[in-house]
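Novice: If you read the sequences in order, they're chains A and B. One point on numbering: in the numbering used here, the residue at position 139 of the first sequence is 139, and numbering is uninterrupted. One point on numbering: in the numbering used here, the residue at position 287 of the second sequence is 1287, and numbering is uninterrupted.
In short, the hints are calculated from the structure, not lab data. In this text the structure is predicted, and so the values were computed from the model without any measurement. Each residue gets a CB set at the ideal place from its N, CA and C atoms; glycine is no exception. There may be inaccurate statements among the hints.
Unchecked claim - Distance windows between CB atoms, simulated:
#1 B:LEU1011 to A:ARG115: 33 to 43 Å
#2 A:GLU195 to B:ASN1240: 22 to 32 Å
#3 A:LYS68 to B:ASN1177: 27 to 37 Å
#4 B:ASN1177 to A:SER23: 43 to 53 Å
#5 A:GLY119 to B:MET1287: 34 to 44 Å
#6 B:ASP1181 to A:SER80: 26 to 36 Å
#7 B:TYR1233 to A:SER80: 45 to 55 Å
#8 A:ASP152 to B:ASP1157: 36 to 46 Å
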Amino acid sequence: MSLLSVKNLTIRFGGLVAVDNLSFEMEPGKITSLIGPNGAGKTTVINMLTGFYTPTGGKIILHEKDEKGNEVEVDITGNSTDQVVKKGLSRTFQNIRLFSNMTALDNILVGMQHRIEYGSFLSLFPNGKKNKWEKQAREEAMEILKKVGLEDAANERATSLPYGKQRKLEIGRALASHPKVLLLDEPAAGMNPAEKKELSQFIRSLLNEVDGILLIEHDMKLIMDISDKIVVLNHGAKICEGKPEEVQNNEEVIEAYLGKKGVQRNVTGSK
Amino acid sequence: MKNTALLKKHLLFIIIAVSMLVAPLFTNAYQLRILISAALAMIFAMSLNLLMGIGGTVSFGHAAFYSIGAYTTAVLWYHFKTPYSTNFIPVILITGLAGLLLSLPMSRITGRYVTIITLSFAEIVNLIIKNWDPVTLGQMGIVGIPSVNLFGHVLKDKREFFYLTMLFVILTYIIMNWLVDSKLGRNLRAISNDAIAAEAMGIKIFPYKVIVFTISAIFAGIAGSLYAHLMSYVEPATFNANLSFECISMVVIGGLGNFAGTMVGALFLKILPEYLRQFEFLFKYRMIAYGLVLVIVMWINHSIPGTKLKNAISTRISALFRKKSAEAEEV
Chain A
1 MSLLSVKNLT IRFGGLVAVD NLSFEMEPGK ITSLIGPNGA GKTTVINMLT GFYTPTGGKI
61 ILHEKDEKGN EVEVDITGNS TDQVVKKGLS RTFQNIRLFS NMTALDNILV GMQHRIEYGS
121 FLSLFPNGKK NKWEKQAREE AMEILKKVGL EDAANERATS LPYGKQRKLE IGRALASHPK
181 VLLLDEPAAG MNPAEKKELS QFIRSLLNEV DGILLIEHDM KLIMDISDKI VVLNHGAKIC
241 EGKPEEVQNN EEVIEAYLGK KGVQRNVTGS K
Chain B
1001 MKNTALLKKH LLFIIIAVSM LVAPLFTNAY QLRILISAAL AMIFAMSLNL LMGIGGTVSF
1061 GHAAFYSIGA YTTAVLWYHF KTPYSTNFIP VILITGLAGL LLSLPMSRIT GRYVTIITLS
1121 FAEIVNLIIK NWDPVTLGQM GIVGIPSVNL FGHVLKDKRE FFYLTMLFVI LTYIIMNWLV
1181 DSKLGRNLRA ISNDAIAAEA MGIKIFPYKV IVFTISAIFA GIAGSLYAHL MSYVEPATFN
1241 ANLSFECISM VVIGGLGNFA GTMVGALFLK ILPEYLRQFE FLFKYRMIAY GLVLVIVMWI
1301 NHSIPGTKLK NAISTRISAL FRKKSAEAEE V
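Work out the full structure, taking the sequences as your base and the hints as a guide.
Specialist: In structure tokens:
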């Protein structure tokens, strides 16, 4: 049984087909990576999964278990962002998008907001329900900060944190909504090799918190190290899918990244 | 420990509130009147700060809600001779409704278009008041509104009126703080910080815009209704764009999202012109001075709640050099 199925997903912006008939499956407990040259449509896929774009065609299906343990399919195609979050998808952004003027703790609390069940009216004055939820949420937020190694920075402004910690805070914020599927959009961008190494272990450890991770990344070493499955996109279409070693040796992938000449030279070189 | 932190956070508010409360012991009638108008401005400006500092929406037409509050109570008194305490609920309902109405276009527009819409909304409200003669008496205005009548007790003494206003100031401050420290306030700040990230966290933006506009309008309306009873007359010319701009200046001087700061801003901008009256030239051109102050304060970017002015200035100045140092780091 898979965790999330993407079936024939297509989106057109006017005449441009940004994602073309893309299908793949995410397995539970695994890291699925989406790679491809710049402009291949990777972020567009995440934007469709999280409800920022409405696909022109195709389906996004989340597989869940009901109370009896039977598998049910939840169609989240074209759902709004808030519905998607409630159903268990949470994302980070390519260029960090933290709530810059808010503290690290507040950032986590906003990530948690759909689980804090008191409304806007009860926000206006102190009452038992509000106090109970706020206390509980703050405790839980501190735990999440601890998980991402930021417990000392709880009351610091998000943008005053060093870059690597901002990345972690953003991931922590995504975790705060208790997602089933975590979507990470280039988490290693702008990091040095040491930070990247630490990050890859950190991402692995996240599998204890969520059912599955969809990772977009340009750093091939990181991708090959931690992915269980790789889906390669080029010009919006899937050109290859498989385990890291399978993808590495796929001619079409090499062509997409290095161009045709690269393939030929490679072939002659091996002769 | 927790109490000292709380005290520290609200220290500025406590200082202003206490000194305002004891001030009538030392003031003459003229000075008391200035203090009352400053207190009204505090409520009005705090309501705008909720919209601007927390909700992230710059409204250039906040005077609309003030005038709706003032006219609601004036019109009700004129036509039905109802006292202030009876008019209070209609004031809240009608200004709240007006706020809700103005929030509706916000589902489709952002940025500078919001400014245009709020500005035109205030103009529309003003035109309606000017021309709806049977109800608002148009340009003539409504004259002879009695002082506040609280369940049969008429506040004849201006001191009593002042303390009623201060009660509303304190209530407004407390409610604003409750709001900011709640889920509602947090989500509003998140939206104004980064709407896209807020959406990704599952926040539906539009309902929050509706809520913040409505609450903000209600508080502005309360200030307006008190104003009508203070001045005993209302006329459309009072509620022009200058009133909105003055209010924005108060908020910006005090710091966006900083409610105690707003109170300082209101006090400053209400007392300064009275002081400047003796210098005819300065008084005449005070709006230019406001503009200058606004530009300077915005440049200092004193907009983060809790940021010390000194830190804000140093951040701002270091930002001037940041670009260079960032380039140096890259190399």
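Novice: Do the beta carbons of A:GLY119 and B:MET1287 sit within 34 to 44 Å of each other?
Specialist: 42 Å Cβ-Cβ, so the 34 to 44 Å window holds.
Novice: Take a look at whether the Cβ-Cβ distance between A:GLU195 and B:ASN1240 falls inside 22 to 32 Å.
Specialist: Cβ of A:GLU195 to Cβ of B:ASN1240: about 57 Å, so the range 22 to 32 Å is violated.
Novice: Given the hint of 43 to 53 Å, check if B:ASN1177 and A:SER23 actually sit that far apart at their C-beta atoms.
Specialist: holds (52 Å)
Novice: Is the distance from the Cβ of B:TYR1233 to the Cβ of A:SER80 consistent with 45 to 55 Å?
Specialist: The hint (45 to 55 Å, Cβ to Cβ) holds, given that B:TYR1233 and A:SER80 are roughly 50 Å apart.
Novice: Would you say the C-beta atoms of B:LEU1011 and A:ARG115 sit inside 33 to 43 Å of each other?
Specialist: holds (34 Å)
Novice: Between B:ASP1181 and A:SER80, does the beta-carbon spacing fit 26 to 36 Å?
Specialist: Hint holds: Cβ distance 28 Å, inside 26 to 36 Å.
Novice: Could you say whether the range 36 to 46 Å given as a hint is met by the Cβ separation of A:ASP152 and B:ASP1157?
Specialist: Given about 55 Å between the Cβ atoms, the range is violated.
Novice: Should the hint that A:LYS68 and B:ASN1177 are 27 to 37 Å apart at their CB atoms be regarded as holding?
Specialist: violated (48 Å)
Checked against the numbered hints above, the structure violates hints 2, 3 and 8; every other hint is satisfied.
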